[in-house]
Each structure stands twice: as structure tokens, then as C-alpha cells.
Amino acid sequence: MAHQAIILNVMIASPSDVAEERQLVRDAIYEWNAIHSKQFGIMLNPVGWETHVAPEMGDRPQEIINKRILENSDILIGIFWTRLGTPTGDYVSGTVEEISKHITSKKLTCLYICDRPIPPSQITDQYSKLQTQINEWKPSGVLNFYRELAGFKENIKNHLTLHIRDNEYIQEIINNLNSSNSVSPIPSNQTIQPSEEMIQILLNAGESESDIQFLENIDTTNLYAGDLQLNLNGQREISTWKSAIKNLEKLGLIEDDYEGKLFKLTQNGWEAFDQLQTQLEENK
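Numbering (UniProt numbering), first residue to last: 1 to 284.
Accuracy of the hints is not assured; some may be wrong.
What the hints assert, rightly or not - Calculated lysine-lysine pairs in the BS3-like style (CA-CA distance at most 30 Å, straight line):
id, residue 1, residue 2
1, 250, 261
2, 138, 101
3, 129, 106
Derived by calculation from the structure, the hints in this document are not laboratory data.
Model the full structure from these sequences, guided by the hints.
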């Protein structure tokens, strides 16, 4: 059954040596949404510079990332292993700048440090700088040290549940929105109510200005919409996301561009996406 959800942006911040962990965080968020979104009335939207920043001149690169992503994020998940990152001119690295500004804004910041063995070739000046920074962070909060990737992913899901339930900043957002009786910008009628899956598809396709792909093969079914990349398993999950696409099409927000496999946002779809973005801005 469809239900309304508050959308919270989750920024994934890290240097370049933890690409696998970055994807695991996205996977963990999508799994969290599937299990907990209805219970909490929250949908988490993972964002990162590689998927949510377009080429732009006129300012230093990190400041552009800050304006386009960081300022609009409610939660920041930082990940480190062997590198601290590249200096920005104002901070020792871009990731450290993102973390520092997010902490200053009093928003939820979660830091994860990988402590699995490091190849000798990767023990460089970057590693020494990272250790110095970790020691500076330790008196200011609780860090999570992980070794196994499977355990890391489970920790992300479990910690998100704890924070959504208990964090003061998140609870303030929820209370403010509930008291203002926010309405979803996706139009509804007597037979179609906007679902979290519909919102997630529209938001991800709009942010990346990409097509929506729904690919059904004999052994696999995949859905792609920007940063939303799902390998669907089981008839129930497939049916849920397939219905979301069909309902978006019925509402005139997307249109079939190739035999039910490729869809594009319509003008009404872009207007609904813009309203979603405005709603996110107003909720900050």
C-alpha cells in the first residue's frame, strides 16, 4: 500500500580508495528503505559528487560540491582506509572539508574507518596524515572501525535505524514536517497514490537527468534511474517496482521511450521533480 515519506539526503564522503564501500553504502540505504521506510515514514536518498555534480566553472571545485550536495544533505557518511584525500586550499582534504562543515551545521555525521591490513606500497604520507586526522576526531565523537565489508554494510543499516529513531536533528525534521502536513508534489487520484518507490525513481532520474531503464531477462530484472541501480529479486519486489513505473506513466510523469524498457521524464515529470527538490530545500 502506498504511503508518504520524508526524503532525507545522505551524502557519501570519502577519498578514492574506498570505492567498494561507497557502493555498499548505497546498497545498504536501498535495503534500509525497503525494510524500514514505511515504519519510520522516511526515505533515504544517497548522494555523491560522482553522480550529483555536473561540470561547472566559476568557483573552486570543492565549493561547487559543497553548494550542490553538502548544503542539501541531512546525513553525512564518511569512509576512510589508506588516504585522507587531496587538499582544497582551505582544508587538508575535500572529504575533511565536507565533514567539518557538516559537523558545524549541527547535522548528523557518521565516520567509518577501515582497519584491515594495508599493503606496504599504500603506507604513504597520505596514511600518516589520515592517522593524525583520526586522532583529532577521536575526542569529538564516536568513530566506527571495521574490517570486513559484509560487517560494514550491516553496520550501516543498523546505525541508520538507530539514528533515524534517536537523533535529535532527524527527529526535529520529522516533527516539523508532520506539524506542517506536507503534501507530496506527485499528483494523486482516487486509484493511484504516490509511493516511496515512485518518489525514489523520479528523484534519482531527475537529479542525474537520465533515462529510467527497466530490463527484464530470463534470469535477472534490473532497474536503473541515475544513482538508483537495483537488481530485483523475487516476484514481489519486481512487481512493486514495475507498478511504480506503470503508475508514474499513468500519471503522465514519465513516458515510454522504447518498448516498456526505457522511459523519460515528461514536462509534468520535471515539474514534479522540481517541486520535490523545492520541498527538500524547504525542509532544511
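So, going through the hints one by one against the coordinates:
1. 250 with 261: Within the cut-off at roughly 16 Å; holds.
2. 138 with 101: Holds - the C-alpha atoms of residue 101 and residue 138 are around 17 Å apart, at most 30 Å.
3. 129 with 106: Distance ~25 Å between residue 129 and residue 106 Cα, so the pair holds.
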